[in-house]
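J.: The whole structure should be built from the sequences, with the hints applied where relevant.
If you want the building blocks of each chain, they are given just below.
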Amino acid sequence: MTQRIRLSGVSKEFTVNGTKSMALDDINLTVNAGEIYGLIGRSGAGKSTLLRTINGLERPSSGKVFVDGVDIGALDANELRELRRRIGMVFQQFGLWNSRTVYGNIATPLKLAGWKSQAIRNRVAELLDFVGLGGKAFARPRQLSGGQKQRVGIARAIANNPSILLADEATSALDPQTTTEIVDLLRSVNDQLGITIVVVTHEMDVIGRLADRVSILSDGRVVETGDIHQILAQPNHPVSGALVGPYTRTALTEGEKSSLRNQFRGRRISVAVGQHLDDDPVISRLARQHHIDFTIIQGAVARVKDQPYGQLNLALLGDAADLDRFVTELADRVVVTEW
Amino acid sequence: MVNELELDVVIPKVAKALAETLFMVSLSFFLAAIVGLTLGIFLFATRPGQLLHNRVAHTALNMMVNTLRPIPFIILLIALTPVTRALIGTSIGPSAAILPLTIAASVGIARVAETNLVAVDPAVVEAATAAGARPLHILFGFVMREALGPLLLSLTFIFVALIDATAVAGAVGGGGLGNLALTYGYQRFDYPVMILIIVVLIGLVQLVQFAGNRLAHRFID
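If you're matching them up, the sequences are chains R and Y in order. Each residue of the first sequence is one higher than the one before, starting from 1 at the first, in the numbering used here. Each residue of the second sequence is one higher than the one before, starting from 1 at the first, in the numbering used here.
Take the hints with a grain of salt, since some may be wrong.
Said to hold, decoys possible - Partial selection, computed: residues in chain Y whose CB lies under 8 Å from chain R:
id: 1; residue: 126
id: 2; residue: 134
id: 3; residue: 210
id: 4; residue: 212
id: 5; residue: 216
I should point out that these hints are in silico values taken from the structure, not numbers from a laboratory. Keep in mind that this is a model prediction, so the values were computed, not measured. Beta carbons are placed, not taken as given, at the ideal position from N, Cα and C, and that holds for glycine.
T.: Structure, rendered in structure tokens:
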């Protein structure tokens, strides 16, 4: 796989009122060509600062940022502007130029890149179709809804056929329905145009639906990096767990468990739900085979990039020996925890 | 003592005074717009984090504007008399009023221009930077352009303030409607003429404000 972006030992120090703080602390990560890479963390974790080092809006205090193998810290002002024309960016508050029409907003990066006016007209029309704003060319940004503004933002960002799109909390100002539309649009930018996307967000839901790989940031550090499926199934760091937990709703608190223990006095198990449960209805099959019954006492299943994630908590009913065989065989196929 | 309004005598005088006022206001506004907008752009661009950020230059410009702005216009007018006489050859009449009017309006425009530029959403600059625009292009093609609507309203305010200031200039022999109003109203107690002039002034200000609003709203959406 081609490396599109590489951050090597990137740190950023800020001095506020004489006290130094590390916004970024020794960040190392690699984004491959064609993937959607998620950066997630709570507000203040440094994710936007990190994103902004990729197009040089933020200069690291130490460390290097490579885009397509080029150390962007070594570029002069002209070369940096050239690079920025090949990296699109979308913003949380859209960052549209209100004094320009929708057409003017989308055409501006093309003018900056030296496109001819006829080519600009064709390209803007094509982009408006792509983002679903065909009739809005001469509307003013203030006349648009939030979702429409972000569509303009995306059209503007991808106008000059960039190889990279940086999305800085692109859906955080939008309602859930509009978020879904923008997430879908970003996926088609990636699928259809092959643009590598780096997504910064605090919404696990957005990462779950978009990202191929994820880095989790906390206090300026990457605490965990991995494939989205791996992070959702088995978060290894407490911060990852805290972000993933509410999304896949896997966690029962100890308090919940003890009250459920009083209510369901037999055996209780937690079953991690993953792809294998789509392929094979193992719980009901084994229950029938071993003549046991179960009640689903708590649980949820979310679907992330077409795969199920979650946990089901079952109270088991039946003969003790049958239950043993059921639990043992089930544990061969899926992750089972008894509590 | 209240006189009959002798329109055939009064109207030509009012017309002449109106022409003088318009001459003073237009010329000083034009000159002040050039000087003031330049100063305002430098005041903005030398701020921390901006294109030409330079603490010394910013402080110097800021102090200059702050020194001139609080001086009451009538004092500025009198204080500048020797300079006016040296530059224009006379210290009375509409031409002589141009210099102090221009200076007062320039510092006013400098300040409102700076304020309007500072008020532009930093996201405008960020998006332009991320799109690979050059610094000067960002300042004139993005920041100035976004600020244009509010700036036109501010300039309208300054234009109206200039009409007001010409009346003060009139008090010390600057000519124009202010001078005429004072001559009739204050020295001759001819209230009908004074009221006529007030009506003309109100009409003028309304017209300017209307035109300014119309123009500005083409750039505010």
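J.: Decide, hint by hint, whether the structure agrees.
T.: Going down the list of hints, with the structure as the test:
1. 126: holds, 6 Å
2. 134: holds, 7 Å
3. 210: violated, 22 Å
4. 212: violated, 18 Å
5. 216: violated, 12 Å
When each numbered hint is compared with the structure, violations occur for hints 3, 4, 5.
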